[in-house]
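Undergrad: Kindly produce the complete structure, drawing on both the sequences and the hints.
Read off the chains here:
Protein chains: 2
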Amino acid sequence: MSKPSIPSGTRDFSPAVVRKRQYIFNILRNIFELYGFQPLETPAMENLVTLTGKYGEEGDRLIFKILNNGLHTITKESEKEKLATEWEKVLSKAYSSPTVTERALRYDLTIPFARYVVMNQNDLAFPFRRYQMQPVWRADRPQAGRYREFWQCDADVVGSTSLMNEAELLCIYQAAFYELKVPVTIKVNSRKLLAALAELCGMPEKMMDITIALDKLDKIGWDGVTKELTERGISETGISQIQNIINVTGDNDAKLNQLEALMTNSPAGLEGIKELRTSLSYYGSLAKTEWTGSIDVDISLARGLNYYTGVIVEVVCDSEKVRMGSIGGGGRYDDLTGLFGLKGLSGVGVSFGIDRIYDVMEQLGVFPDQVATGTKAILLNFGGANEEYALQILKQLRDAGIATELYPDSSKFDKQMKYANKRGVTFVLLPGDEEREKGLISVKNFSTGEQKMVSVADCIHMLQ
Amino acid sequence: MSKPSIPSGTRDFSPAVVRKRQYIFNILRNIFELYGFQPLETPAMENLVTLTGKYGEEGDRLIFKILNNGLHTITKESEKEKLATEWEKVLSKAYSSPTVTERALRYDLTIPFARYVVMNQNDLAFPFRRYQMQPVWRADRPQAGRYREFWQCDADVVGSTSLMNEAELLCIYQAAFYELKVPVTIKVNSRKLLAALAELCGMPEKMMDITIALDKLDKIGWDGVTKELTERGISETGISQIQNIINVTGDNDAKLNQLEALMTNSPAGLEGIKELRTSLSYYGSLAKTEWTGSIDVDISLARGLNYYTGVIVEVVCDSEKVRMGSIGGGGRYDDLTGLFGLKGLSGVGVSFGIDRIYDVMEQLGVFPDQVATGTKAILLNFGGANEEYALQILKQLRDAGIATELYPDSSKFDKQMKYANKRGVTFVLLPGDEEREKGLISVKNFSTGEQKMVSVADCIHMLQ
Chain A
11 MSKPSIPSGT RDFSPAVVRK RQYIFNILRN IFELYGFQPL ETPAMENLVT LTGKYGEEGD
71 RLIFKILNNG LHTITKESEK EKLATEWEKV LSKAYSSPTV TERALRYDLT IPFARYVVMN
131 QNDLAFPFRR YQMQPVWRAD RPQAGRYREF WQCDADVVGS TSLMNEAELL CIYQAAFYEL
191 KVPVTIKVNS RKLLAALAEL CGMPEKMMDI TIALDKLDKI GWDGVTKELT ERGISETGIS
251 QIQNIINVTG DNDAKLNQLE ALMTNSPAGL EGIKELRTSL SYYGSLAKTE WTGSIDVDIS
311 LARGLNYYTG VIVEVVCDSE KVRMGSIGGG GRYDDLTGLF GLKGLSGVGV SFGIDRIYDV
371 MEQLGVFPDQ VATGTKAILL NFGGANEEYA LQILKQLRDA GIATELYPDS SKFDKQMKYA
431 NKRGVTFVLL PGDEEREKGL ISVKNFSTGE QKMVSVADCI HMLQ
Chain B
11 MSKPSIPSGT RDFSPAVVRK RQYIFNILRN IFELYGFQPL ETPAMENLVT LTGKYGEEGD
71 RLIFKILNNG LHTITKESEK EKLATEWEKV LSKAYSSPTV TERALRYDLT IPFARYVVMN
131 QNDLAFPFRR YQMQPVWRAD RPQAGRYREF WQCDADVVGS TSLMNEAELL CIYQAAFYEL
191 KVPVTIKVNS RKLLAALAEL CGMPEKMMDI TIALDKLDKI GWDGVTKELT ERGISETGIS
251 QIQNIINVTG DNDAKLNQLE ALMTNSPAGL EGIKELRTSL SYYGSLAKTE WTGSIDVDIS
311 LARGLNYYTG VIVEVVCDSE KVRMGSIGGG GRYDDLTGLF GLKGLSGVGV SFGIDRIYDV
371 MEQLGVFPDQ VATGTKAILL NFGGANEEYA LQILKQLRDA GIATELYPDS SKFDKQMKYA
431 NKRGVTFVLL PGDEEREKGL ISVKNFSTGE QKMVSVADCI HMLQ
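Residue numbers (the working numbering), protein chains in the order written: chain A, 11 to 474; chain B, 11 to 474.
Keep in mind the hints are simulated off the structure, nothing from the lab. Each residue gets a CB set at the ideal place from its N, CA and C atoms; glycine is no exception. Some hints here could point you the wrong way.
As the list claims (entries may be wrong) - Over 10 Å on every C-beta distance to chain A, these chain B residues come out as not near it, computed from the model:
(1) Ser102
(2) Thr111
(3) Glu215
(4) Asn267
(5) Gly394
(6) Thr414
(7) Val453
Claimed, not checked - Taking CB as the label site, the calculated pair distances span:
(8) Arg21/B with Ser245/A: 49 to 59 Å
(9) Ser291/B with Ala154/A: 52 to 62 Å
(10) Lys422/B with His471/A: 55 to 65 Å
(11) Thr83/B with Gln373/A: 30 to 40 Å
(12) Arg333/B with Arg333/A: 33 to 43 Å
(13) Gln373/A with Lys432/B: 37 to 47 Å
(14) Lys432/A with Gln474/B: 18 to 28 Å
Said to hold, decoys possible - Calculated lysine-lysine pairs in the BS3-like style (CA-CA distance at most 27 Å, straight line):
(15) Lys428/A with Lys92/B
(16) Lys298/A with Lys191/A
(17) Lys353/B with Lys432/A
TA: Dropping the structure here:
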């Protein structure tokens, strides 16, 4: 028998990790609910036709496809021949032959959401605000921080063009990272300003080229971007226009005023500026003073996905202790549901990178101490009458809501203590002869080493 | 474009359903934690070799296999030939060719748990108590109440033979169904009594035959079971022995005393009786008086799975309003981890049938009213200065922890009211001119139709 293992790029989540992840999920869930967002869950398997063609050619190749069941029951000669042809198609390119594979694993949460909205459009109240926290699967090459099974967490509003939605999503980011104790900068920009930038270069058709080059500013610096812009056919004058614009400084108001002056001839640019101003003004009305993240208008923010059409946003961790790319992002998109036949529905959404947020929180050490351990106390088992006494105490502690275990066997003291230690609990309770006779219980605090004999009521009080 | 759909046997969970399911999961999670069980999550994909051969031939056929990615990149002639041979194997029987498919979707939570324990045996503190609530996938024919993606929820203890574990799992069942408000009978038996039954018939080798026949008692009655026992080669004397034993009556003590008298010559039988008595005695020490489920020793309880070796248990809903098979079950098993090379680890576990429990709760109408709706109140949007005023109120309500939405556009009154109605909230708040000028807010209760203008503080008080 070979040693058991799990597929490359997947993970078992051990108890402490599940608890910490749950801590993140719970904070996010409570915030989404507070803001009136509703939970949605879609199946892990989608029809392959729902997914193919939605993520580009590269995406099609990275989709995990499920082999149809019952292929071995095909015996009719004509069907076997057809199957052989279909199999050839699977081999010749990343083609989806419904005879061989008609289902696939969820690749993101956006397409299933769009599919769900279209299928349920008559039952939904629009604007529909949903949040969704589920795993997705991609056949990417696994590497540090990149998994084949990973979690996405999205909040979207569809069916409303109001910029109040943008503001509420900014609030959700602020509230979430404040509660998670992760210091962040939330960058905002508008695709309309990027379009204006291309106009100002006299090359409106080059907007995606400019976007792609600018997206690398953090990584390759302005010199690298200049080089890439030149390679992509942007003129020297164009590049200096771009430089002028990404160099605007000051607070958000100051930046927007300078941009307005520079873009005075671009209707798209002026609209983008107006939208950012309105979003930030709504945000100002709703923001809590305690929130610590800074919101920065950043004209170099590009976001890779080409379905964004309006305000775009990205979250980066602000701590010097952490090197990590974006831990969240999103924006306004038009017509996502158009892919499935429902036209004209505008949407805006943000996403939380759960796995990265988890890593950042570990590095910052901001998980509360008690999160990883569930059980508060372990009762040792000294057998016989002491075991009966231990059962009584166990019941009383649980009745008081204290997560407690009784070691199930009256094993050797050392073995039981070793177990308690390995479980990482703070308190060990010792119900021995003396304790039973006096109706008391000895409480040993593992962190201080202190041990004292107290009444059960006092013990409960200590543990609560 | 064809209408979008989801794979047969899968489900989208809409907001109200997600919330009700979360209600169930939360109750179970809190109970597991109170009893010192620890959460585990394993990946959706397992290596196919981990799963094949563990669920019988039928199981092997029902496993969803994932097509290997990158098959289209195979170009070397020799590799192509090998692939063709492997593909033939996939077609000829439900064979797992690692060249074509080397991963598969989780089929249950038990095998991944055993695999996890073996992989992490050096880091775990034994006895290891874990709970796990995750979806599993089976390519079964979908029908009412049977899905291809469904949830399992298991709690197991491995590494302890103490019958205290059996008692704690009975407590967990009682606590859970009490809190879920589902009236239940929890049947208990021991595989050792079933073995004794076969001995008493003079046919110890026929234990599985007797088990399989008895398992159908509820469905086909005693006459049907007699017929099946005869077909399976049990003698008339044997059948009358079985009838004597399954006809023992009275409370659990009375039944166990009668069984003891009948099985006085069977060591296995006497051991089974002793184990049941010990488990029930431990249970008695831990049980809460408020628990309503009845625990019944039922010698006809068989449980299909042949890996059980000791106490077995099954939960059925007790209400006349509901027709539903078992909604939970489990038992003691030996050597599950032996499948992966770790011998001699005894375990005991129970499982909750989440989808069935959900259906039962719907039929009984025991979900609390407020569970399905998240948002407490919706603020209407009357635009301009009133919108600004609405934003202030929105902020105050959220600061007070009340899940609130503001309609994002100043659309027509009717449209906004229709939205609020469809969202199913109880309260609509109307921040109009008069309210703004007076610094008050009108609260309309959708269920009573009542509307009154109150201070924001009073409004918060009403909604809390």
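Undergrad: For this structure, which hints from the list above don't hold up?
TA: 1, 2, 6, 12, 14, 15
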